[in-house]
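**Q** Here is what each chain is made of, one letter per residue.
Number of protein chains: 2
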Amino acid sequence: MPRLVPSSLALACAFAAAAALAAAPTRIPEDAVRTAITLRDRALHDDTAWNLTESLTTEIGPRLAGSDNDLRAREWAIAKFKALGFDKVYTEPVTFPKWVRRSEHAAIVAPFPQPLAVTALGYSPATPAGGLTGEVVLFPTLDALKAAGDAVRGKIVYVGFRMQPHRDGHDYGIGSTIRTHGPALAAKLGAAAFLLRSAGTDSNRTPHTGVTQWEADGPRIPAAALSAPDADLLERMAARGKPVQLKLDLDCGMDGTYTSANVIGEITGSKHPEQVVAIGGHLDSWDPGTGAIDDAAGVAIAMAAGHLIGELPKRPDRTIRVIAFANEEQGLWGGRAYAEAHAKDVARHQLGSESDFGAGKVWRMSASVKPEARDAIRQIADVLAPLGVAYDAQRPGGGGSDLSQMHAKGMAALSLTQDGTRYFDWHHTSNDTLDKIDRDELDQNVAVYAAFAYMAAQAKGDFGSAPGAFAHDGAED
Amino acid sequence: MPRLVPSSLALACAFAAAAALAAAPTRIPEDAVRTAITLRDRALHDDTAWNLTESLTTEIGPRLAGSDNDLRAREWAIAKFKALGFDKVYTEPVTFPKWVRRSEHAAIVAPFPQPLAVTALGYSPATPAGGLTGEVVLFPTLDALKAAGDAVRGKIVYVGFRMQPHRDGHDYGIGSTIRTHGPALAAKLGAAAFLLRSAGTDSNRTPHTGVTQWEADGPRIPAAALSAPDADLLERMAARGKPVQLKLDLDCGMDGTYTSANVIGEITGSKHPEQVVAIGGHLDSWDPGTGAIDDAAGVAIAMAAGHLIGELPKRPDRTIRVIAFANEEQGLWGGRAYAEAHAKDVARHQLGSESDFGAGKVWRMSASVKPEARDAIRQIADVLAPLGVAYDAQRPGGGGSDLSQMHAKGMAALSLTQDGTRYFDWHHTSNDTLDKIDRDELDQNVAVYAAFAYMAAQAKGDFGSAPGAFAHDGAED
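Protein chains in written order, with full-length UniProt numbering: chain A, 1 to 477; chain B, 1 to 477.
Rather than coming from a laboratory, the hints here were simulated on the basis of the structure.
It is possible that some hints are incorrect.
A pair holds if it fits inside one copy or across any two, identical chains being indistinguishable in the list.
Here are the simulated DSBU-like cross-link-like pairs (lysine-lysine), alpha carbons at most 30 Å apart as the crow flies [unchecked claim]:
| id | residue 1 | residue 2 |
| --- | --- | --- |
| 1 | 98 | 247 |
| 2 | 82 | 242 |
| 3 | 247 | 155 |
| 4 | 314 | 242 |
Using the sequences plus the hints, can you model the full thing?
**A** This is how it looks when you write it as structure tokens:
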């Protein structure tokens, strides 16, 4: 320690006092930590999340945004929030263009006729009635497609990137970019249609759907994904050097606008009811499966965590807000509507994190919070550590898919990263069903969410939410 | 050794001489063993089987018996036999009733509407146009269905046995019995339709088809399989205690008769051309997949083994006959036609074994041969042992699926049992595609078949084939 002369000592004291006034460190009281530990351990033996996931996948099933089941799912969520003792249950409207899938077929016509397992991408237009036949041109990457330029005019473009499984699922960054941007690029180059190798890590005949994006006034072409074995087949045929003719027959497209809703349940805070810890998942799903891992599990984890906090003898200091978001799948519609509706409330959002990466165990926590809240985050990390959650103090936290939109407006946020090693085997396919969920892993998630949400609700001090905060933290969610 | 008095010694010698005359032990000459070892080791680094499997699945694909691809596959097999240097290539007719699949849909109508992944069973009739709706009654076993008796009248019967994976696939005995006999039983009890949990070990939305059997003059009802996750869903709904209404819409049925053919290629024996070692697989497949493991692999293994023997500097003593059987899937039609056509030639079939259990490694060999050929079988076993093949001298050998019919007539036969741990994940589903085959495991099979077939062809003596032999050996294939 450097020796301080009296005058500099006085100066240092004055600085310290000013700093303390400006930003006292956020702290979670010891009794709140003890209660969080109790909550955490109780969650590991609680069947609420499993029962919710079982119920949503069994009694509703596929929940394509804008479909009949969109409404049924909302009614389900409202009823469940009420049955689970939430103090306040309400909805907030979410309006979006409605896309419908009616039928989808594809087949190689020449040189060797074979049927293909295919699924249309969300926002794909239909092919002409009776289908569209063309020669396929194959590319390994979007860059290669870009370089091809005019050579794809009138052809069916195929891009064949092979995702590998990783715990953090990072190959999906590449796979989903091909899916979201490839069709618009191919359309601009004059292609007749776009196909990709599914953005998935499995080898099942279960193609992976997902949304694609168009420029507002740009051209649009039919776009679909082949299952991995079908992509293999197409590539093997093409490798023989003869032109491959493929027929694509998609009946799907836009159908006006639809107003759904985010369904919200709250455990009302006893001291600061207007301040909320925001957790959630998304209620919609793609239609080939029953939306078990994506994202009945997320909704169930958040609902169960809120419910367990609500079962405590006393209401927490701040409100626990559980949000079942509408239409995440087609472009974070629910998350964007929420962020817009609550833009002025950013500072009242104590901390937020959404679960939307299946039901694998949470293995990493990171946070975007103000520096003075790092010790409180460390306190949360210490409670989560026995669950196998490692705290990465260097990474930002993004809040998850829909809540990323509130984080973008300045909400302090965690990332509670789940093990996604197998997630992309089933994601957006007919295989997204209840049997893919391990109950113990699901419960670990509930333990994480219940403990963190409760501690954030009881914290002495905030985590730095403010309009415009964290604008440059580079969060990835 | 007991001491022998002169008289008993003389007696013993007389007995031995008589036994030698009656049945000299079959033996494989040392030079043939050495050549078999060379063949075995060469097969492990030969790409013939892989190339054949790749070609059949890529250039033909699904090969439903009686379909257009039935003919294409035969043309493929003839061309490949010729290209691989077989001395003689010919076909033998196989006539059977033709069954066609046009479309198949199912959905739960109440209490919670959900679509179901379903596939019609072979020989199922269609539902009435527009589908059939009824209440589902669930049973865990066929015995439980039997016991229900009249209670199923007018209902849709569901039997939900859960197969577990095993190396020898023995749960398929139960699963396939439900599939083959359940529909006829339910029909006799007056049921409107029959469903089963797929006879499979996976948890994919890829239902397992397969043939069912009717009594000649018995009633027939629509019959189909649900994928495992769909069976789970149905069972979960039923567990809620409310009646489950299901709609089944199958467009499929019989369509006259069709004449296909077994395609046969021979490496002609130099000393005993009329005596044959019979190996093979079946050329047909079910239609949802491309028939890679069932049974492009088997055809490829046998063809490659024959080819490697044909590549030797000298033709073997006896003929290697490779048979690509027609329509195994719908009831061993090709195998039965072969056995009928060759009934008089049983004694000329030195030894036989068919490959029809995927492409997993052979891990066990057993044989049905005359006692005097056991030492020769042991010689074969010694050559196969380094490949990881254990000889079980206590078990009979059945010859495999189609060749079981020749064995039933008295042909000496091996069982070369493959590792089927994952076979029933993909068997009879859309997932039966090339990517499920491991090249090294496929090559191990070729090594087994090439070595055994060559040694059998060179044996001094026979293996006991004779009309009516082995009638009571209890072979399981």
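**Q** Does each hint hold? Answer for all of them.
**A** The hints, checked one at a time:
1. Taking the shortest Cα distances, residue 98 and residue 247 sit within 30 Å of each other both inside one copy (26 Å) and across copies (28 Å).
2. In this assembly of identical chains, the alpha carbons of residue 82 and residue 242 lie at most 30 Å apart only when taken from different copies (24 Å versus 62 Å within one copy).
3. Proximity of residue 247 to residue 155 under the C-alpha cut-off of 30 Å is restricted to the intra-copy arrangement: shortest distance 11 Å within a copy versus 40 Å between copies.
4. For the identical chains of this complex, residue 314 and residue 242 are neighbours neither inside a copy (72 Å) nor across copies (39 Å), given an alpha-carbon limit of 30 Å.
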